[in-house]
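Trainee: Residue numbers (numbering that gives the first Met the number 0), protein chains in the order written: chain A, 0 to 409; chain B, 0 to 147.
Simulated from the structure, these hints should not be mistaken for laboratory data. Predicted, not measured: the structure shown is a model, and the values here were computed from it. Among the hints, a few may not be true.
The following residues of chain B were derived to be distant from chain A, with all beta-carbon distances above 12 Å [as the list claims (entries may be wrong)]:
id, residue
1, Lys29
2, Asn41
3, Asp63
List of simulated lysine to aspartate or glutamate pairs, EDC-like, C-alpha gap at most 16 Å [said to hold, decoys possible]:
id, chain 1, residue 1, chain 2, residue 2
4, A, Lys365, B, Asp45
5, A, Lys339, B, Glu18
6, A, Lys37, A, Glu9
7, A, Lys212, A, Glu239
8, A, Lys187, A, Asp210
9, A, Lys183, A, Asp215
10, B, Lys121, A, Asp405
11, B, Lys23, B, Glu59
12, A, Lys268, A, Glu303
Here are the computed distance ranges between Cβ atoms for each label pair [unchecked claim]:
id, chain 1, residue 1, chain 2, residue 2, range
13, B, Ser108, A, Cys38, 56 to 62 Å
14, A, Phe258, B, Thr25, 57 to 63 Å
15, B, Asn55, A, Asn402, 52 to 58 Å
16, A, Asn53, B, Ala120, 42 to 48 Å
17, B, Glu107, A, Ile369, 42 to 48 Å
18, A, Gly340, B, Ala38, 21 to 27 Å
19, A, Asp213, B, Glu30, 57 to 63 Å
20, B, Ala120, A, Glu191, 39 to 45 Å
21, A, Tyr4, B, Pro26, 45 to 51 Å
22, B, Gln21, A, Gly340, 16 to 22 Å
23, B, Gln21, A, Glu131, 39 to 45 Å
24, A, Asp2, B, Asn19, 48 to 54 Å
25, A, Asp246, B, Asp45, 36 to 42 Å
26, B, Ala38, A, Asp112, 31 to 37 Å
Every residue, glycine too, gets a C-beta built ideally from N, C-alpha and C.
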Amino acid sequence: MLDSYKIRKEFPMFTNKIKMQGHDLVFLDNASTTFKPKCVVDAINRYYEFETSNSHRGDYDLCYNADQKIAETRKLVAELINAKPEECIFTSGTTASINIVAYAYALNNLNKDDEILISLEEHASNTLPWFEISKKTGCRIKYVELDNEGRITLENVKKAISNKTKLIALAQVGNVLGYETDIKGIAKAAHEVGAVVSCDGAQSVPHMKVDVKDLDVDFLSFSAHKMCGPTGVGILYVKEEIMDKLDPVFVGGGNNVNFAPEANVNYLKGPEMFEAGTLNIEGIYGFNAALKFIKEIGIENITEYERNLRRYAVKRLIEVEGLTLYNETAEAGILTFNLKGVFAQDLGTYLNAKGIAVRTGQHCAKMLPIFLGTPATVRASIYFYTTKEEIDCLVETLKTGGNFLDAYFA
Amino acid sequence: MPISLSPQMMRQIIMDHYENPQYKKTPANKEAFETLHMASANCIDDINVYALVKDNIIKECYWDGVACTISTSSTDIMCGLVIGKSLEDAKYIIDQYNHMIHEEEFDESVLDESIVFVNTAKQAARIKCATIGWDALEDIICNHHHEK
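Pulled out of the complex, with its shape left as it was, chain A reads as follows (with noise of 0.2 Å):
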């Protein structure tokens, strides 16, 4: 078993104490944005103090450091999902990643009536790009139902599929009610009707095994910094056979091998294709030291413990009178709830009264109301370093949620 209390001790956040509002910080918005041990800000000054130079431009020495650095980055991506190193691409987010997919591909694969299937609890990053692809092919996008939990079932995605479905675009794991979705069912039934999928890793990956072959995606984006890493970096998995007839989205310095006065180019192949521009190093450097961190601690590990923890948060949230909580069943290490009389903004903001950092809003799933039947809710989420001395103290306090004005005049 993971040893939480051990792990925090390679955290600035929880070493150097930090208060918030007078209260001892207690960290519960980990599906936004994850602590960074010391191995990783040590990984950042590290390139600026000793290492700094830009990669593929010169023949000195620490050029090729930089290119190693980038290389081996590369490589331990490709070990955590699985995937060959020339299938992952360095971008600066999940955003990013899924904006490749919509530029690259879908913008010159879809046409007029096709169909991209996604979902209302899909985060903003995995719907506006292809409302936008819808505007600019024609296009259509279609909504797959969710079940009365909320979840997205392959039954009803087999059901909304069509021989229109050209592309499928779900998180894996939903940033709202934390619900794992069927990702292989889904792309298999996909590929018998031609389509291709797309994958949003953003709260899948820095949680659980995700093995882009077993799953048979065809895209998987997600963010370092939900993984402990810097933020600005990202990866855009790409399979190897898709890889090669997308054109590249960004061009310019560092994604060709020469070009000529008549406009002829010859790109770079493979990820780098993808990656104009001076790419984020010190980020690399840092998702590095990430990588190895979570690597070391070991994915099956975190999701054991999250998913023992989060089993705990349910059975203490639901005594708190009054408490509706949204995802009582869902696998991953996210509470969404709300407490009966309080504006979720209003109980959000008592809580940083109390020094606990949480979530509120629509969470970028600006659609989800819909089904949810409420306009905001809270959002509690966890990582491999929450305790449950933290679910406890927020358990505590929102006992005492309805004194929610305390935030302005205790």
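Once you have looked at the hints, place chain B on chain A.
Mentor: Chain B in isolation, oriented as in the chain A frame:
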């Protein structure tokens, strides 16, 4: 209204305006009103503010939409405060309110019940909620002058 108002009374005023807002409605003749839509990316707040201006006086002021306690209550109090005021006086009140919210010196004498938001800066993330309706009215006033 003195700033020495007890915290208990302040809470009561906020809750009264939240639970029973007096000016929360879309006027039937909304075309006659100057309207501004305001929405926040961070909070749920998504409101319209309506002002009926005649002869430089705010004759009527309403708001409608989805909003949290702080924005509901602060916008509702604002509506009551500016009705019957000239645009210049209303602008003065808005300025004083903003000074208060940002913990600067302010003229308490014109703020009446809106003084209950004096502690908003304690929860900096909510300043936007406490000012969203006020910002809308300020824009309406500025646009009104501009149109003239």
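Trainee: Going back to the hint list, which numbers does this structure go against?
Mentor: Going through the list in order, the structure violates hints 2, 12, 15, 20, 21 and respects the others.
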